[in-house]
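*Asks:* These are the residues of each chain, in order.
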Amino acid sequence: MRRFLVLLKKELGELINLQTLLPFAVVVLMFMGLGQTLSSVNAEADASVVVAVADRDGGVLAGVVTAALEQAGLEPVAVTSTIDDSTAADILDEAGADIAVEIPEGFSAALAAGEQQHVESWARVRNFSIVGNQDIAALGTALEVVNSTVAAAIGAEAAPDVPPVMLQRPVITSEHVMVGDNTAEASASAVMGFVSQQTMFIPIVLFLVIVFAAQMIATAVATEKENKTLETLLSYPVSRTSIVTSKMVAAGLVALLAAGAYMFGMSEYMNGIESSFSGGPGSEAALQASDAVMRQLGLTFSTSDYLMLGLTLFASILTALAIAIILGAFAENVKSVGTLIMPLMVLLLIPYFLTMFLDLSVLPDAARYAVLAIPFTYPFITGPNLFLGNYGIVWWGIGYQLVWFAIFVTMAARVFSSDRILTMKLSWGRKKK
Amino acid sequence: MTPAGQPVLQVLALTKRYGDLEAVAGIDFEVAAGEIFALIGPNGAGKTTTLRMVATILKPTSGEILANGCDAVADPDRMRQQISYLPEEAGAYKNLKAIDYLRFVADIFFEDRERAARAVAVGREVSGLGDRLDDKLGSYSKGMTRKLLLARTVMTEPALAILDEPTSGLDVINAIELRERIKQMARDGMSVLLSSHNMLEIEYLSDRVAMIAAGRIHATGTPAELKERYSAENLEQVFAQVARDGKEVVR
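Listed in order, the protein sequences are those of chains S and C.
Just so we're aligned, residue 5 is where the first sequence starts under our numbering, counting upward by one.
Just so we're aligned, residue 43 is where the second sequence starts under our numbering, counting upward by one.
Incorrect hints may appear among the rest.
Under the rule of at most 16 angstroms between Cα atoms (straight-line distance), these lysine to aspartate or glutamate pairs were calculated in the EDC-like manner [what the hints assert, rightly or not]:
id: 1; chain 1: S; residue 1: K13; chain 2: C; residue 2: D249
id: 2; chain 1: C; residue 1: K136; chain 2: S; residue 2: E230
id: 3; chain 1: C; residue 1: K101; chain 2: S; residue 2: D423
id: 4; chain 1: C; residue 1: K136; chain 2: S; residue 2: E179
id: 5; chain 1: S; residue 1: K232; chain 2: C; residue 2: E131
id: 6; chain 1: C; residue 1: K101; chain 2: C; residue 2: E64
id: 7; chain 1: C; residue 1: K184; chain 2: C; residue 2: E130
id: 8; chain 1: C; residue 1: K225; chain 2: C; residue 2: E199
id: 9; chain 1: S; residue 1: K232; chain 2: C; residue 2: E130
id: 10; chain 1: C; residue 1: K139; chain 2: S; residue 2: D295
id: 11; chain 1: C; residue 1: K178; chain 2: S; residue 2: E18
id: 12; chain 1: C; residue 1: K184; chain 2: C; residue 2: E131
id: 13; chain 1: S; residue 1: K232; chain 2: S; residue 2: E18
id: 14; chain 1: S; residue 1: K429; chain 2: S; residue 2: E336
Derived coverage of chain S by chain C (criterion: at least 3 residues anywhere in the stretch with Cβ under 8 angstroms from a Cβ of chain C; other residues may be distant) [stated by the list, open to error]:
id: 15; stretch: 111-119
id: 16; stretch: 227-236
id: 17; stretch: 367-380
id: 18; stretch: 386-393
Simulated from the structure, these hints should not be mistaken for laboratory data.
All values reported here derive from a predicted model rather than from experimental measurement.
Glycine included, every Cβ here is placed at the ideal spot set by N, Cα and C.
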């Protein structure tokens, strides 16, 4: 045992140094910084979404439109010039806005006479990011409010007995969402959005951690070869199994550490995005309400769910490490590691992309079984299966991966206890006759 | 440890094949306690393959290797306790300080902390690197690394030290120092299996020499005996003749 610990300490010493720690410290800090920037950018944006309003009518109902825009959270700035496609840019610049609305002449009178009226709007797209275009989203919402408010104002004239609410929103919809056996009152699209927001980062973390672990261990073996330390190491009085396992445990530990750090960074990032979407502290209550809905639908992870997710990830890391240590044995130097772990990357990318874009059940049978035969498919489908209560497939996935792990780790031990560890290398098409 | 008269290392009918190539084609030799035994021969003669098999990192195709009664093939783990191996091209972990490298190896060899500490003390002394032992190995020159690695090899006081080109890359002064050290340790009872291209070194160090070519041992004896047998003035001439013989065998 002491010998194993001596080896483990040496392996950890090689893996944990500035060169390996720096990249993932940078990634974590980047996520955290990005999250914070997003929430602060949005707080600023919320403070003043300026809308340039050209009121060519000046009537009562035009006033209602301006008031409705204000009510929707915009800050109207009156402009006097006529807005058209050629002047819009200058007018927006002058008003310091990215959105503008023009109310035509005779607007109030025509509406009172029962004629539909046009209100034109201009929106300037500055970039294509989610946060960058919140002004435009705000305009869309505000124009809905304008319509219903104007409808209520006209209704109040024409039918004073009918409550304005009846004219604005006569039908109240109550949506119910069902997930598995659970039902909750909420909008289905909102639930879907929330879930994808919450779970989009899990696959990214899984992918990064597995690749990171594989790369580390393959590099560890390649380094021993490149620095000519392997031959000596193999002549020491330690079992080959200890050499293999100490490398695997060290890489596994560092990978889990990295996983924790990424998870932390990502969750900071997601919190940033969430608060930017929900619009700051004011909608804390809304956030709590949606939390309650998620819990009611079983769309939050319980402790045992986290445990199963962790077990699945752990089994994947083990399998990846066992494959990578064999691939690393083919390497003659550290440079070749990147190429050598390509097959492993492909095995990871297939389930990563497939599960990101579609549900495996829509695949034809043959393709589905092929994807399910890849051990690394399971970590990607565990999250959704836990949400849906399909515990059977989760346990099956853990067991299936461990079987692969046992096979590969036996192969790895064989490679390390035979001549192959010194003689194995890739020589495509250069075989001697 | 070694029963009187019993050789420390016995190699019997040893062969190693890589596909069609027979790198070692059935060789026998013995190394007695405190004896320095050298394998010399041209490149590709099978020297390094033989040393690697004795060091348990290659598996023989057939034949036997016994060290103090331990079988290298059947029980490599016990065999590794008896030996210490210095490969021709060897490196050390660059992220470690030299002294920590010695500690790491000592801890691998000995469960007992005091025994490990004693090995480190020997290594420190043999290396002759003094304060430089506190420097990282990344900053070491080739010569310093080689001295450290040799110190690492002998500090565990193995029954058999396997040295492949022990002084390669060293300057004359350092090489002389190291040879002196190896001789001293052999006088203290350590057996040495050696391979070198430096005939001066072989002549100075070795008690007995085996001339190997094309995977076979062509002659074994003390340097003096070999010179007489091949009517040569020095081992270099013996070597040249054996190398020619080896080529004829291949043809």
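*Asks:* It remains to establish, for every hint, whether it holds in the given structure.
*Replies:* Against the structure, the hints:
no.: 1; hint: K13/S x D249/C; result: 41 angstroms, violated
no.: 2; hint: K136/C x E230/S; result: 12 angstroms, holds
no.: 3; hint: K101/C x D423/S; result: 6 angstroms, holds
no.: 4; hint: K136/C x E179/S; result: 65 angstroms, violated
no.: 5; hint: K232/S x E131/C; result: 7 angstroms, holds
no.: 6; hint: K101/C x E64/C; result: 14 angstroms, holds
no.: 7; hint: K184/C x E130/C; result: 12 angstroms, holds
no.: 8; hint: K225/C x E199/C; result: 13 angstroms, holds
no.: 9; hint: K232/S x E130/C; result: 10 angstroms, holds
no.: 10; hint: K139/C x D295/S; result: 54 angstroms, violated
no.: 11; hint: K178/C x E18/S; result: 13 angstroms, holds
no.: 12; hint: K184/C x E131/C; result: 11 angstroms, holds
no.: 13; hint: K232/S x E18/S; result: 15 angstroms, holds
no.: 14; hint: K429/S x E336/S; result: 7 angstroms, holds
no.: 15; hint: 111-119; result: violated (count 0)
no.: 16; hint: 227-236; result: holds (count 5)
no.: 17; hint: 367-380; result: violated (count 0)
no.: 18; hint: 386-393; result: violated (count 0)
The structure shown violates the earlier hints numbered 1, 4, 10, 15, 17, 18.
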